Amino acid sequence: MKYKTIIGLEIHVELMTNTKIFCSCTNEFGGEINTHTCPVCLGLPGAMPVLNKAVLEYGIKSGIAFNSKIANNTKMDRKNYFYPDLVKGYQISQDEEPLCSGGYIEIELEDGVKTIRLNRIHIEEDTGKSIHTEEGDSLLDYNRAGVPLIEIVTEPDMNTPEEARLFLEKLKSTLEYIEVSDCKMEEGSLRCDININVMDTETGERTNITELKNLNSFRAAVKAMEYEEERHRKLLSQGENTVKETRRWDEIENKTITMREKGEAADFRYVVDGDFLPIIIEEEWIEEIKKNLPELPHDKKARLIREYNIPEYDAGVLTQSRELADFFEKTVEFSKDANQVSNWIMGDVLRRLNDAGLEIKDLKFGPKELADLIELVNEGKISNNIGKKVLRDMFETGKTPETIVKEKGLIQISDAGELEEVINKVLLENQQSIVDYRSGKDRALGFLVGQVMKATRGKANPQMVNKMLKEKLEEE
Amino acid sequence: MKNLDITKLTAREMREKLLSKEISSREIVSQHLDLIEKKEKDINAFISINKEEALIEGDKIDKKIKNGEKIGPLAGIPIGIKDNIITKNIKTTCGSKMLENFIPPYDATVIEKIKAADGIIIGKNNMDEFAMGSTTENSFFGPTRNPIDLERVPGGSSGGSAAGVGAYEMALALGSDTGGSIRQPASFCGLVGIRPTYGLVSRYGLVALANSLDQIGVIARNVEDATLLLETIIGHDKKDSTSIYMKNKDLLEKLNDNIKGIKIAIPKEFSNVEMDNGIEDIIKNSIKIFEKLGANIEEVSMPHFKYSLATYNILSNAEASSSLSRFDGIRYGYRTKEHSTLDELYMNTRGEAFGKEVKRRILEGTYYLNRNNREKYYNRALKLRTLIIEDFEKVYGKYDIILSPVSPVLPFKMGEDKNYLTNIFTVPVSLAGLPALSIPAGYVEGLPVGIQLIGDKFEELKLLNVALAFERDLALGGEADEI
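If you read the sequences in order, they're chains W and B.
Each residue of the first sequence is one higher than the one before, starting from 0 at the first, in numbering that gives the first Met the number 0.
Each residue of the second sequence is one higher than the one before, starting from 0 at the first, in numbering that gives the first Met the number 0.
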């Protein structure tokens, strides 16, 4: 490959603590404009920030999950710049001594595992939001001011947009697993800035780095990276270079657009924030957090393969979210047949969720109900196909499978006498098929089975119908 | 009681007479308000006078007394508040056009404490803009004058608090001290001024100048009055991460003047500083008094003293450049009328509303934090600060108190620029976060001169005992000359 793409990410994640980072205002998303505020998060003169311990804990949790080194001594600094959404003229962040240093996330590529190194994770406060009206006014909502963030900075270790996507997926699922963030890109609780450029591996020439911002989904991120990758390559191949700048993704135009040129890197004139004492993190506390950390996706996947003997691919899908894995494990508790459970979840359950744009937690039925459904199929009370229809009803109505089966009269007909009656009737009505079958056309059997199923509205036990029909066709 | 000039009483006398029902709280408040009205055109110690509210509060205390309810330790005592301490519903300007009409929606922790102790907020005191200065000349609301000599500055930046107490406009005052802003004006006005250990008094609600150095403290006409107010405002505050628990809070009860055997150190480097005539004699005389009182006095060395001013200037200006960024015209305070872009809004707002000294210091601080200068200035100043702290720690391994002048210059005439020199003895204490006080030690050419006593961290009681013994021996307390 002549061209090598180089991608590094900076991800801001809003933490799910109850209160904001430096005051006791609620950390709930939304709310009526400028109601989740107080003198501290409005940065009024004289008001002082007090660090929320939970923010440190969430930061440490993330650091442990991503194999970072947790600092025993850290501090808060001021990053100085002017912007209307920034109430103090500085953002309280961390400069030289971040809470977590280093670390890595492993992603699975077709040709094996790739390690993406992290540079650091630090804690900081979010800013307010500017709202620009059609009349040209700028309004400010400070509900978000002081919402706790972690900023995760990677090394430039990703070489394709797909690698970056896999990294982000892994990052997101891990943060959700350890209940640090809900990672909703559409609500801005996970925001990703991308640094991308391209190198000509033969000449060693590189394009200037483009920073991509305002990406509100992974899909948009991938599209933007693909667009940029192409743009950089083209310029490089023409002997030109990119401008060092920040660009945003335009969803409608399907392209990136210049936001601002980056001349000399901004000077934030970092200064120690004297409103805080130095932060000391005891090793015991780190150990305690480590001990209470839930199983991480990577470990969970390995355990599911080991414990339930399901294929690696299945385990990968099932551990994409903690809720999904939990749902799987609880269903197995009731049903015992892990492979069946996996098949049902991976198949119809996820398909329906995806089609409806829902998540596992939105399901109207629980693991017990799914297990009951599987049991009905396994016991032969309903056929597999009927089972799928029952699942559809469960999905829509939330009724138990028993209720649906009873209400719709879907119990499978496995009574030989009853089936024989239907079979005889079908044979009588389809003499040509009997001739066909006997002249060697096996297809005719399938047709006849279909007719029996049709006559019983799908309730006939298909194995029995098959067997009985064959016997009848061959005996005469 | 007729014909009693309540304003001349000490705060503790006011309290006694109030409890014995010789005087009412309303009388205390109204006599002070009358005096304020009379003197303000000369002194200009106040930016806002809390007249109506103070009278209402005074009546409330009289009612409490009448009903036999318990009253707080500061009941009825008029207290002036430096105008950089946030007061709910009372304009808090920091002496700046920027906050000319700023009415805060909350109280500083110290104000909550004073209110809980039934103290009366009599008004908000003038100050150098954003506490930047040593003369109270840099105020948008005009300069404050020294009650001892109206031609002269009262010192600063807490000049309004000091001049007001000195002029008997109130018995007590809160000031703030970043590099000497309580101790120096106390010295210039012949008063007691205490800067407590960093963290002992909550800074929540103190508009920051340099938050690693800022500290709220008290100004009074004698040690016991100062102790009374100090005792009320100390204590841990969960709203200030840098505030600290202190065990021995009952300072007034434990206060005594027996200082036999106390060890006092005098750094030899201090004598290298050029001083106005007469100040050295005051120090020599003070040493004699301490020796008479049974103290042991020895010379010590503080090798990094000479870096104090430079270190202080870099750190305080660097921090101030950041602390004052919030005044941008967006949410509150002054906003320029001349702007068509966001940058213009910022530049014109700050350009029009900040005074010259504030702009100078912001520029200086910004320069020190600039990426290219940070290592050379800011980071080196941080290191020097550690060395200066270590100098003090070495002394306190062997000694109880360090003695020095407060200011190397006498209270000077308005318009004379001696700003830079006046804090040379006070800034090292600020850098080290130590408690220190200024106490009157005599007069030179009719002008008051204070000495500075510096204690080890949390040794406020020891410091106050030494000051009390000195005050009693000198018998200067409470008798600054009338104008």
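Hints are not guaranteed to be accurate.
If you only want the chain B side, here are some residues facing chain W, beta carbon under 7 Å, derived [to be verified]:
{"hint": "1", "residue": "G204"}
{"hint": "2", "residue": "I296"}
{"hint": "3", "residue": "S321"}
{"hint": "4", "residue": "D327"}
{"hint": "5", "residue": "R370"}
Because the hints were derived from the structure by calculation, they are not lab data.
The structure presented is a predicted model; accordingly, all values stated were derived computationally and were not measured.
Glycine included, each C-beta is placed from N, C-alpha and C at the ideal position.
Checking against the hints above, which ones are violated? When the structure is compared with the hints, only number 2 turns out to be violated.
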